[in-house]
Amino acid sequence: MTPSIAALAALASSPSHLRGIGHLRLHETDRLKALASEINGLGGDVIAHTDSLEINPRKLHGGTFHTYEDHRLATAGAIIGLAVKDVYVENIETTKKTIPDFTSLWTSILETSN
Numbered sequence: 001m002t003p004s005i006a007a008l009a010a011l012a013s014s015p016s017h018l019r020g021i022g023h024l025r026l027h028e029t030d031r032l033k034a035l036a037s038e039i040n041g042l043g044g045d046v047i048a049h050t051d052s053l054e055i056n057p058r059k060l061h062g063g064t065f066h067t068y069e070d071h072r073l074a075t076a077g078a079i080i081g082l083a084v085k086d087v088y089v090e091n092i093e094t095t096k097k098t099i100p101d102f103t104s105l106w107t108s109i110l111e112t113s114n
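In case it helps, UniProt numbering puts the sequence shown at residues 1 to 114.
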């Protein structure tokens, strides 16, 4: 859930500091490093510490959100993509690991919002 919370925090109106999440460095990818890199790549301000993420919301812009073949990163990118125009989530199909219908659900939401 932390990647999704980090995505929401990047879109919030006040800073967040997610602590006690160092174990996320040991999943499919180093999720702390990846979240900081991808959100910052869209104009964000995220600092990955050893055991936490410091997130200072900024106006984000479009770009590619790399998933590193990690379903949780893909979900985080999708959340940002719903709020920020022109965000392309690389390999959204990785979400099938936890939500088999995610791609069709996400596409439906995008079509409804346009």
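These aren't lab readings, by the way, just hints derived from the structure by calculation. These numbers were taken from a predicted model, which means no experiment stands behind them. Each residue gets a CB set at the ideal place from its N, CA and C atoms; glycine is no exception. Don't take every hint at face value.
As the list claims (entries may be wrong) - Label pairs and their computed distance ranges (CB to CB): (1) Ile-99 - Gly-62: 31 to 37 Å; (2) Arg-25 - Gly-63: 32 to 38 Å; (3) Arg-19 - Ile-109: 17 to 23 Å.
Claimed, not checked - Result set (DSSO-like, lysine-lysine): computed pairs, CA atoms no more than 27 Å apart in a straight line: (4) Lys-33 - Lys-85; (5) Lys-85 - Lys-97; (6) Lys-96 - Lys-85; (7) Lys-59 - Lys-97; (8) Lys-97 - Lys-33; (9) Lys-59 - Lys-85; (10) Lys-96 - Lys-33.
Here's how the hints hold up against the structure:
1. Hint check: Ile-99 to Gly-62, Cβ distance near 24 Å, so the stated range 31 to 37 Å is violated.
2. Between Arg-25 and Gly-63 the beta carbon distance is about 24 Å. The supplied range of 32 to 38 Å is therefore violated.
3. Roughly 31 Å separates the CB atoms of Arg-19 and Ile-109, a value that falls outside the hinted 17 to 23 Å.
4. At most 27 Å may separate the alpha-carbon atoms for a hinted pair to count; Lys-33 and Lys-85 meet this at roughly 24 Å.
5. With a C-alpha separation of about 26 Å, the suggested pair Lys-85 and Lys-97 falls inside the 27 Å cut-off, and the hint holds.
6. Distance hint between Lys-96 and Lys-85 is fulfilled; the C-alpha atoms sit about 24 Å from each other, no more than 27 Å.
7. The hinted pair formed by Lys-59 and Lys-97 fails the criterion: a straight-line CA distance of about 31 Å is larger than 27 Å.
8. Taking the CA atoms of Lys-97 and Lys-33, the gap is near 21 Å; set against the 27 Å cutoff, the hint holds.
9. Only pairs whose Cα atoms come within 27 Å are accepted, and Lys-59 paired with Lys-85 is accepted, the gap being roughly 11 Å.
10. At roughly 23 Å between alpha-carbon atoms, Lys-96 and Lys-33 fall within 27 Å of each other, so this suggested pair holds.
Violation of the numbered hints given earlier is confined to hints 1, 2, 3 and 7; the remaining hints are satisfied by the structure.
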